[in-house]
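Trainee: Here is what each chain is made of, one letter per residue.
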Amino acid sequence: MNLTDLSAAELAARLAEGEVSSVDATRASLERISAVDDSINAFLHVDPDGALATARDVDERRAAGEELGPLAGVPIAVKDIIATKGLPTTCGSKILEGWVPPYDATVVARIRAAGMPIVGKTNMDEFAMGSSTEHSAYGPTRNPWDTDRVPGGSGGGSAAAVAARQVPIAIGTDTGGSIRQPSALTGTVGVKPTYGGVSRYGLVAMASSLDQAGPVSRSVLDAALLHEVIAGHDPMDSTSIDRRVPDVVAAARRGDVSGMRIGIVKELGGEGFQPGVEARFGDVVELLTKAGADVVEVSCPHVEHALAAYYLIMPSEVSSNLAKFDAMRYGLRVAPDGVDAPSAEQVMAATRDAGFGDEVKRRIILGTYALSSGYYDAYYGSAQKVRTLISRDFAAAFEQADVLISPTAPTTAFKFGDMMGDPLAMYLNDVATLPANLAGLPGLSVPSGLADEDGLPAAVQVLAPATADDRLYNVGVAIERMLQEKWGGPLLAGDPEREVRA
Amino acid sequence: MSEQDAAGITRADVAHLASLARISLSDGELDRLAPELSVILDSVAVVSEVADADIPPTSHAVPLSNVFRADEVRPGLTPEEALAMAPAVEQQRFSVPRILGEEQ
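As you go down the protein sequences, you meet chains A and B in turn.
In terms of the UniProt record's numbering, the first sequence opens at residue 1 and continues consecutively.
In terms of the UniProt record's numbering, the second sequence opens at residue 1 and continues consecutively.
Quick caveat, the hints were computed from the structure, so don't treat them as lab data.
Backbone N, C-alpha and C define an ideal beta-carbon position, used for all residues, glycine too.
Keep in mind that a hint or two might mislead.
Claimed, not checked - Lysine to any residue pairs mimicking SDA-like chemistry, simulated, CA-CA at most 20 Å apart:
| id | chain 1 | residue 1 | chain 2 | residue 2 |
| --- | --- | --- | --- | --- |
| 1 | A | 85 | B | 76 |
| 2 | A | 324 | B | 89 |
| 3 | A | 361 | B | 28 |
| 4 | A | 361 | B | 94 |
| 5 | A | 85 | B | 83 |
| 6 | A | 324 | B | 86 |
| 7 | A | 85 | B | 35 |
| 8 | A | 324 | B | 88 |
| 9 | A | 324 | B | 24 |
| 10 | A | 361 | B | 24 |
| 11 | A | 361 | A | 420 |
| 12 | A | 94 | B | 87 |
| 13 | A | 324 | B | 87 |
| 14 | A | 361 | B | 35 |
| 15 | A | 324 | B | 93 |
| 16 | A | 85 | B | 85 |
| 17 | A | 324 | B | 94 |
| 18 | A | 415 | A | 39 |
| 19 | A | 361 | B | 31 |
| 20 | A | 361 | B | 88 |
| 21 | A | 361 | B | 81 |
| 22 | A | 324 | B | 81 |
To be verified - Residues from chain B that keep clear of chain A, each with C-beta distances beyond 10 Å, as calculated:
| id | residue |
| --- | --- |
| 23 | 8 |
| 24 | 88 |
| 25 | 90 |
| 26 | 91 |
Using the sequences and the hints given, assemble the complete structure.
Mentor: Right, here's the structure in full:
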C-alpha cells in the first residue's frame, strides 16, 4: 500500500484503526516531496522536523486513548500567504524573503489544534496575483499532468502538491478564483467557502473584501472534512460570520440531487470557452438530469461586466493593503543607489521597486490610479455599483435554482509563457470564478473529465447562496460519484504519475 | 473621465502614480507600464457606463458593523518578538532612515 495514494479520508480511517501511524504517513509525504518536487516546485519551504513532531504527538495521544478530530495525523500543506508561527511566510515575494511570522493565522491554529502535521508552505503567484503561478519570485510551479504547462494560479503550488500526491490535502486562498481555477487545471477539488465563513486573520491581505481561504483536495469528502476544521466564527476577524457552519460533511456523504433545481448560468460559457471544456460540462449536465435534478438555464446579465469591476476593485484594495510593505518594521530594506543618508521615503521607494515583481507593481499603480482624485467615481465607485448589480443578479438566479453551475475555467492548462505578455488574456482565466468573489458566494470546483483535444483536466463549478456551503458538497459529491462510476475510478488515479514519477 | 483619457495614460502619469505609491520605477518599467495600463483601463472603463446614479455601491459582500471589544490588557507580542524581523534595531526600537528632509 502506498500511503501517498490515499485520500485524506481513507488515510484518516487507517490512522483511526491503528493500521498506520501519523509518523509513517508524514514520512511518506516528505519522501514524496523529496522525490518529485524538483520537477514540480510546489513547495517554497518544507518543515520535516515540525511536521514529524506533530505526527509523533498525535500518535502518542491516539495511543493514550485520547479522542481526536477526524483528520488528526493527516499531513497538510499551506499556501505561503498564510502566517505560520516559526515557519517562513513569503507570499511568493522577494520583499518577504526569510520573513518568519511571530503568530499563527486562525486557519493554521485550527489545523494545528486538529492535529494535522504541516509539511510545508506552497508556491504561489506573488501576493496571490496571477492565474498561472508564473509570477512567483521563486520560480514557477509545474502542472503534474504535463510539466510544460502551468498548474493555474495563484494557488498552483497547493493544487500541484495535491495532484502530485505530495500531500493528500492543502489550504489555498481564493480572491478571484485562486483555489478553484488551479484545481480545475490539475484535476483536484477546490472550494472557496462563503466570504466570512473562514477567518482571514493571519492571511496576508491581497484584496480584503474578496480574499477567502479554503481546501484543495483529491475528493469532495476530503474538502468537506477540512472545511469543517477551518470554518466558524473568529473574533479576531471583524468580517467573520457569527453563525453555525452548515453540516458540510453530512452533505458530502449525501450526494442526492433528485428534485434539486440546478441553474446553468448562460453568461458563464460559450464564446472563449474551449470546446473540450464545454463538452465535459455537457456530460455533467446530462448526468445531473438523469439523476433527477431539474436543470434550467438562468441569466445573470451583469456577470458580463464582472471582470471589469473585479480588475478595478481588486487593484484598488491591493494598492492599499500592500502599502504596509514599507521597509521599516519587517521585510526587505534596500538603500537607493548614489544617495547619501537617504530618507525613509527614498528607502521605501527603492525597496518596493526591488522587492515587488512586475504584476504586483502593475496592480499597485492601477489601483493608485483608480482611487485617485478625479477618477474615483468613474472607476472604483462605478465598479462597486456593478458589484451591487451582480449580487442582485445572483439573488434573482437563486430564486429559480438551488445551485448554479458552469465550467470552472474557460480552458485547460496552458503552456508556460503563453499568456505572460498579455495581462488581459491572463485575467480572462478567472472569468467564471470571480463573480462569486464579488458577491461573497461559496463555490466548489470538481473535475469533469479530460478535454478531447489535449487530454488535460476540465472542471465544473458549483455556486450556492451565501452560507449555504453544504449545497456545494451535496451537488459536488453527486457529480464526483456519477463521473467516477463512468470512469471506473478517480480522475487522478491516472495521468499525473506519468510526469512526476520519481 | 472618458475612455480617450484612459487610453492616453502617459509615461509622466505613470511616474506620478509611482511616486504616490512610493515605488521608484526604472525607465524601462515606465516605458512598459504606460501602454499596458492604457489597455487595461480601456477594457475596464465600461463600468462607468453600466452603473446608473441610483445604484448603491457595495464595498463588501457581507454587511459590516463596527466591532467593539472590552478595553482590557491582554497578552501580546514581546518586544523581542515584535523586533525579531526588523531590518534594523537600536535600543529595543525599530531603527528607520531619517523621516524629515533637509528643508524640514
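Trainee: Does each hint fit the structure? Answer for all of them.
Mentor: Structure-based check of all given hints:
no.: 1; hint: A:85 x B:76; result: holds, 14 Å
no.: 2; hint: A:324 x B:89; result: holds, 18 Å
no.: 3; hint: A:361 x B:28; result: holds, 13 Å
no.: 4; hint: A:361 x B:94; result: violated, 26 Å
no.: 5; hint: A:85 x B:83; result: holds, 15 Å
no.: 6; hint: A:324 x B:86; result: holds, 13 Å
no.: 7; hint: A:85 x B:35; result: violated, 42 Å
no.: 8; hint: A:324 x B:88; result: holds, 17 Å
no.: 9; hint: A:324 x B:24; result: holds, 16 Å
no.: 10; hint: A:361 x B:24; result: holds, 10 Å
no.: 11; hint: A:361 x A:420; result: holds, 15 Å
no.: 12; hint: A:94 x B:87; result: holds, 14 Å
no.: 13; hint: A:324 x B:87; result: holds, 14 Å
no.: 14; hint: A:361 x B:35; result: holds, 14 Å
no.: 15; hint: A:324 x B:93; result: holds, 18 Å
no.: 16; hint: A:85 x B:85; result: holds, 13 Å
no.: 17; hint: A:324 x B:94; result: holds, 15 Å
no.: 18; hint: A:415 x A:39; result: holds, 15 Å
no.: 19; hint: A:361 x B:31; result: holds, 14 Å
no.: 20; hint: A:361 x B:88; result: violated, 25 Å
no.: 21; hint: A:361 x B:81; result: violated, 30 Å
no.: 22; hint: A:324 x B:81; result: holds, 18 Å
no.: 23; hint: 8; result: holds, 13 Å
no.: 24; hint: 88; result: violated, 7 Å
no.: 25; hint: 90; result: holds, 13 Å
no.: 26; hint: 91; result: holds, 16 Å
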